[in-house]
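Chemist: The residues making up each chain are set out below.
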Amino acid sequence: MSARSEGLEAPVLLEVKGLKKYFPIRKGLLRRVVGQVKAVDGVSFAIRKGETLALVGESGCGKTTVSRCILRAMAPSEGAINFAFEGRTVDLATLPRKRLRPLRRHMQMVFQDPYSSLNPRMVVGDTIGEPLLINGMTDRAERRRRVLELMELVGLPGAAINRFPHAFSGGQRQRIGIARALALNPALIVADEPVSALDVSVQAQILNLLLDLQDRLGLTVLFVAHDLSVVKHVSDRVAVMYVGRIVELAETEALYRRPLHPYTEALLSAAPTPVPGAVSQRIILERDIADPANPPPGCAFHPRCRYAEARCKVERPDMVEVEPGRQVACLRAGELVLRGITDMPHEAV
Amino acid sequence: MFGMFKSRPQLSQAERFAQATQLQLTWWRFRKHRVAMVSGVIVALFYLVALSADFLATTDPHATDSRTSYIAPQPVHFFEDDGSFRPYVNGLKGVRDPKTFKIVYTPDPQRHVQVDFLAPGYPYTFLGISMTTHLFALRNPERGDGIFILGTDQLGRDIWSRLMVATRVSLTIGLVGVSISLFLGVLLGGVSAFYGGMVDTVIQRVIEVIRSMPTIPLWLGLAAALPNDWSVTQVYFSITVIISLLAWTDLARVVRGKFLALREEEFVMAAELAGASSGRIIFRHMLPSFLSHIIAAVSLALPAMIISETSLSFLGLGLRPPAISWGILLQDAQSIQSLALAPWLLSAAVPVILVILAFNFLGDGLRDAADPYG
Chain B
1 MSARSEGLEA PVLLEVKGLK KYFPIRKGLL RRVVGQVKAV DGVSFAIRKG
51 ETLALVGESG CGKTTVSRCI LRAMAPSEGA INFAFEGRTV DLATLPRKRL
101 RPLRRHMQMV FQDPYSSLNP RMVVGDTIGE PLLINGMTDR AERRRRVLEL
151 MELVGLPGAA INRFPHAFSG GQRQRIGIAR ALALNPALIV ADEPVSALDV
201 SVQAQILNLL LDLQDRLGLT VLFVAHDLSV VKHVSDRVAV MYVGRIVELA
251 ETEALYRRPL HPYTEALLSA APTPVPGAVS QRIILERDIA DPANPPPGCA
301 FHPRCRYAEA RCKVERPDMV EVEPGRQVAC LRAGELVLRG ITDMPHEAV
Chain W
1 MFGMFKSRPQ LSQAERFAQA TQLQLTWWRF RKHRVAMVSG VIVALFYLVA
51 LSADFLATTD PHATDSRTSY IAPQPVHFFE DDGSFRPYVN GLKGVRDPKT
101 FKIVYTPDPQ RHVQVDFLAP GYPYTFLGIS MTTHLFALRN PERGDGIFIL
151 GTDQLGRDIW SRLMVATRVS LTIGLVGVSI SLFLGVLLGG VSAFYGGMVD
201 TVIQRVIEVI RSMPTIPLWL GLAAALPNDW SVTQVYFSIT VIISLLAWTD
251 LARVVRGKFL ALREEEFVMA AELAGASSGR IIFRHMLPSF LSHIIAAVSL
301 ALPAMIISET SLSFLGLGLR PPAISWGILL QDAQSIQSLA LAPWLLSAAV
351 PVILVILAFN FLGDGLRDAA DPYG
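Chains B and W are the protein sequences, given in the same order.
Heads up: the first sequence at position 84 corresponds to 84 in our numbering, and the numbers run straight through without jumps.
Heads up: the second sequence at position 323 corresponds to 323 in our numbering, and the numbers run straight through without jumps.
What the hints contain is simulated information worked out from the structure, not anything from laboratory work.
Every clue listed holds true.
Quick list of simulated restraints, FRET-style, between CB atoms: (1) B:D291 x W:R205: 24 to 32 angstroms; (2) W:F283 x B:R257: 49 to 57 angstroms; (3) W:D229 x B:R97: 52 to 60 angstroms; (4) W:P288 x B:Q36: 31 to 39 angstroms.
Pulled from the structure, derived: some chain B residues nowhere near chain W, Cβ distances all over 10 angstroms: (5) A84; (6) A187; (7) E309; (8) R311.
Using N, Cα and C, we set each Cβ at its ideal position, and we do this for glycine too.
Okay, chain B solo, but in the shape it has when bound:
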């Protein structure tokens, strides 16, 4: 991990500022808007070139929405997404669809579900080669060469080029998805829970493949995950999201050793410990995650927080930089001493 920490001084590739995405709730015959689901409610972060940033949170916290907004699979309601490429910076949030298409090749996505992300009616070679074809590599032989190269890169046998997805296991399918994402040498890869649909044993293989590719190709990755144990080995920094907002953003090691937000502490306590016989001191969060259509006043986490005070119910905490490179949104950040994972094993995967 330390090998990649030098990325922290690299230029910023992607800067997300005050990103919001509201989904209208419509009701009745006339489909009148009766409310808003605030899926993403003011998210800001930056990714430097060559860095891996993990975006972590429970299901429904808006992390997938953030990743889809960045790729403009959906249009954000508000905010700016500044993307630096070829020496200039473009705001993706406001770009019309037509001007967006030539930019697509610089950002690619690895999907969560390796079954739904591959067209069952296309052979592997066509699936991996499609981005190449769309972006102007019309020569069949040249495309085939590049596809074989990519397949080797992700550890797929070249003989599989004419097979259909139904002949592959989940892990192999995810390799196909990764090869497709890499086809155009994108500046940014958004990996939306790339291993959460896989078996644990296969998860490790895919994570190792991603690590290996990061080292070899110097990829910049936004890694979306719902569980901190997966993220630990692949990311330089971690952003923890709760109900549409980032509540804590820190370098991976610092965050694991000493979380500053009670929610991060709870997430960390849920991560399985690799030490046999260790007594699990898991913090069980009571109640469900807050409804993003009707978030509680004050700090959205206060109904589930065991450190909540009276002011947490009224006052909404903003992200504050408590140390260099470390931000947290908690009113009691200065006073609480929270439990992290001290005996962090270095190579568990």
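Chain B is fixed; fit chain W onto it per the hints.
Modeler: Chain W in isolation, oriented as in the chain B frame:
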């Protein structure tokens, strides 16, 4: 279509499976569904009959003859009395009924009229070519002679011949009707899903209104509105249009649902993120995925169409004589009197039941096979 399934001997069993296209997987799966396979063959045979209706008919289906009224089904004898293979049917002989003094025609066992294969009979046109060859025909028939395998009706018309021609009409009305509703369904369903919002709402509400109407009275109203002096062809097309104007709603829903489901598929998003155009996404990624569902939906919509036409014509509101369809043939079997006198008039119900059942099993099999991952 079977050329696509030719085996590639150089590939191993596993590799053959790995490289199998969707069509192959569907076919392999469909082949295992015995009932559906048999049903498929039955449906194919029915359409073969529809294609060669006049060739299979023995007597002009429109020719009336008072002497052959209500003749019971007659067997074809294959061997002459001396044991030689010379198929024949018995000719008719007129006997005066001692009570009513009417001349009644009954088969005369003494008279043998020889049956020839591939022999000339009444003239007809096949694909625009004038022809006279029939599968069976009588050699030197006298007036009133005929091969009445399924008997005759009140006007002395041969039911077998009429059934053949009716099969053509009833089965093609289904095809034409489904084509129209397929076009409407795919177009409106696709538009509804693609544009969404207000357009979607309007189309969906229209579908709901149409579906909420009771079909029989609606058909009655529409069919009654057809002018009396329209020709058979005009009525035929109006009826197909009326039936398909109601039937498209099902297909539109299937298409819309499938379209919406596919749009959320990640491989569609992957293509979009790779910079693919809408045309490429729709035709390369989405359409092939729901083609199989459309085929299955069509094979289930066809029997509904056939039943609709049959019931309309049976009620006297669909096709009208001199057109011949299954419904019109069954119309003759409406009165208990003629049914008691000539129960063979009901024979038109057999192909209706057969083809509807076959279509339903075929559609089920196709639907199951179309989704090899389900």
